[in-house]
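2 protein chains.
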Amino acid sequence: MTWHIFIPDSLLEESKDQKIRTYKIGQIARAASIFGVEHIWIYRAGGKDGKFIKLILEYAETPQYLRRHLFPLRDELRYAGVIPPLRTPHHKLKSKPKVGEIREGVIVKKGRMYADIGLDELAVVEDGKGLKGRHTFRIVSTKPLKVVLAQPEEYWGYKVHLTKKSLAKTLKKARLDVAIATSRKGEDVRRVKLPEFEGNIGFVFGSPRKGVLEILRDFNEDYEFDLILNTIPNQKTQTVRTEEAVLATLAVFNFIRRD
Amino acid sequence: MTWHIFIPDSLLEESKDQKIRTYKIGQIARAASIFGVEHIWIYRAGGKDGKFIKLILEYAETPQYLRRHLFPLRDELRYAGVIPPLRTPHHKLKSKPKVGEIREGVIVKKGRMYADIGLDELAVVEDGKGLKGRHTFRIVSTKPLKVVLAQPEEYWGYKVHLTKKSLAKTLKKARLDVAIATSRKGEDVRRVKLPEFEGNIGFVFGSPRKGVLEILRDFNEDYEFDLILNTIPNQKTQTVRTEEAVLATLAVFNFIRRD
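Residue numbers (my numbering), protein chains in the order written: chain A, 238 to 496; chain B, 238 to 496.
Careful: at least some of the hints might be erroneous.
No distinction is drawn between identical chains; accordingly, a pair holds when it is met within one copy or between any pair of copies.
Unchecked claim - BS3-like, lysine-lysine: derived pairs with alpha carbons at most 27 Å apart:
{"no.": "1", "residue 1": "Lys-335", "residue 2": "Lys-473"}
{"no.": "2", "residue 1": "Lys-256", "residue 2": "Lys-288"}
{"no.": "3", "residue 1": "Lys-329", "residue 2": "Lys-253"}
{"no.": "4", "residue 1": "Lys-430", "residue 2": "Lys-369"}
{"no.": "5", "residue 1": "Lys-253", "residue 2": "Lys-291"}
Note that these hints are calculated values from the structure, not bench results.
Computed from a predicted model, the values in this text were never measured in an experiment.
Construct the complete structure from the given sequences, taking the supplied hints into account.
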């Protein structure tokens, strides 16, 4: 089962403070990581922050030792220090290299092909011809330090997709098996007979000011969701913020899932 | 059913930034309000922020129009502007007064006894002799504007208790019917047969660095919890922050509760 979440590019429409805006995106990054979300989709909903949201989500997802390679200093990252560390399995600390260990790395060319995998020395990349940028590697030798490309089995962070497309088009692109809209006006999640979930499951969230269905309407769109659910029945506050809805909804579905 | 949450005075031990510290407490206030928590207990766990946490929680819980009466300007409130509004039923906007309406107010003495209930004029308090500070009022007449003390039936915010006592002592003081510790090492909430909950239910949370059981041990204490639960089974991050655990746990129990 692969989890996707869909958030609007208007996520920050009610936040003016740049530090808090950064922190809020960090909360989405944390929620996604806690529950093993593999894809975060940012859809067009009239907001102006799509690129910024993507930048902060990707920054948060990148192991600390790779950030200086992949994120040149820029003004939008001024408050990146407030983003809580994810502490997922792929954010490894520096340690003695072990054969078999999987680490994220970035290609560094120095005559031969090397990767910075966050250790004291660079690792030689075997069969690394033509590689660029960030990859996942397995250590196959420690003296000399050598790595090959690897496919991790445990949770290894999320990918961010800024589609610049409306919600219905973004959903189509994601090719979900089950699409679940969250809405205060949806069915009470406690009363619905939920199907056995399999494959690609998408949870769709609205913006601080507009619900999912309203956003679709604004774009003259329609989408046949498998479920439209109120995942916070009897909420006592008039609104639930997107980042709160993400964490609460994933917590409920993490409880429901049995695998 | 009445929900209580227990948070340590070391809640902020990993946050140095004062704006983020304020915001984090605001997140606890929001989580409590979304799910109708009526009591927030701050227990002693070696932290230094008990008073600050209480201040911000109470500030957040106070309707905006009463804040200037009850919270004189002070340095700790410098970043209070970042606290998200709760938008609970007791945070009313200014409107035309209606007979029967319940509003929070604060006593203002001006010869007779008046209350500021957030409207254009002060309300005369009937039978208000000896009253001071903040109370809940019902409008009984609009011309002239008159109120009496009232007991709201809907969710009306939370009370904050800074006990300055250790966890076991704080729990004893709260006189719970069911005490639930949250812990990564607890039983998987999905596998436990949960009792029908009634009465006063307490959810106990640890600090960013120490779990509930560890905190008890540090104080040479023991407490017989009804349940020790892992409410976020299979978490993919090494730690879950207190404010995340509060929101996620309450979301799961809101799903479980059937009333």
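**OP:** First find the shortest C-alpha distance between Lys-430 and Lys-369 inside one copy, then the shortest across copies, and answer within, between, both or neither for a cut-off of 27 Å.
**Re:** neither (47 Å within a copy, 51 Å between copies)
Original post:
Using 27 Å as the alpha-carbon threshold, which applies to Lys-335 and Lys-473: within, between, both, or neither?
Top reply: between (51 Å within a copy, 22 Å between copies)
Original post:
Between Lys-256 and Lys-288, at a C-alpha cutoff of 27 Å, which is it: within one copy, between copies, both, or neither?
Top reply: This pair counts as both: shortest intra-copy Cα distance 16 Å, inter-copy 24 Å.
**OP:** Check Lys-253 against Lys-291 for me: Cα-Cα at most 27 Å, and say if that holds within a copy, between copies, both or neither.
**Re:** Answer is both; intra-copy 18 Å and inter-copy 26 Å each pass.
Original post:
Between the shortest in-copy and the shortest cross-copy C-alpha distance, which are at most 27 Å for Lys-329 and Lys-253: within, between, both, or neither?
Top reply: This pair counts as between: shortest inter-copy Cα distance 24 Å, intra-copy 34 Å.
Consistency note: the structure conflicts with earlier hint 4 alone.
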